[in-house]
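Please work from the sequences and hints to get the whole structure.
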Amino acid sequence: MLTCAEAPAIQEGLLAVYAIATKLEQEHEISPSVEDLRQGVMENFDAKLEEFPIPPPEDFNLEELTKCFGAWLWCLRMVELVTETGDRLTAMAVTHDLLSRMQDNTFREENA
8 MLTCAEAPAI
18 QEGLLAVYAI
28 ATKLEQEHEI
38 SPSVEDLRQG
48 VMENFDAKLE
58 EFPIPPPEDF
68 NLEELTKCFG
78 AWLWCLRMVE
88 LVTETGDRLT
98 AMAVTHDLLS
108 RMQDNTFREE
118 NA
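When we follow the numbering used here, the leftmost residue of the sequence shown carries the number 8, and every step to the right adds one.
Please note: incorrect hints may appear among the correct ones.
[Stated by the list, open to error] Below, simulated SDA-like cross-link-like pairs (lysine to any residue); rule was C-alpha separation at most 25 Å, straight line:
#	residue 1	residue 2
1	Lys55	Asp43
2	Lys30	Glu50
3	Lys30	Gly20
4	Lys55	Trp79
5	Lys55	Leu22
6	Lys55	Leu80
7	Lys30	Glu87
Hints are computed from structural coordinates only; laboratory data are not their basis.
Structure, rendered in structure tokens:
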């Protein structure tokens with residue numbers, strides 16, 4: 008919250024990411040969506056705000072703040088997906104290399 012309040016450029020950037028993520032998810036049916044993440048953040052914030060009955064500051068915009076958090080969580084999830092995909096591709100390449108070597112060895116043994 009403090010980062011968004013102190014650095015409007017970060018808040019603006021996260022809101023832009025939120026808008027892009029929403030558009031991408033509609034085109035590619037990604038789940039859970041950035042809106043799902045935002046709703047989870049909203050529920051947690053609402054629960055915490057009820058625990059601490061302190062009036063929020065005048066410029067406190069919970070809607071925008073939860074969009075920023077949703078966008079941040081979406082970015083983290085995308086990094087995890089890319090990492091997982093990279094790991095799978097590496098495993099596939101290693102398996103392919105192993106099978107190729109086994110075929111080469113079999114060919115050499117049969118033609119020796």
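Comparing the hints with the structure gives:
1. Lys55 x Asp43: Holds, because 19 Å separates the two Cα atoms, which is no more than 25 Å.
2. Lys30 x Glu50: Distance of about 23 Å is within 25 Å: holds.
3. Lys30 x Gly20: 15 Å, holds
4. Lys55 x Trp79: It holds: about 20 Å lies between the C-alpha atoms, which stays within 25 Å.
5. Lys55 x Leu22: Holds, at roughly 23 Å.
6. Lys55 x Leu80: OK: Lys55 and Leu80 at ~19 Å, within 25 Å.
7. Lys30 x Glu87: 20 Å, holds
Every hint, counting from the list given before, is met by this structure.
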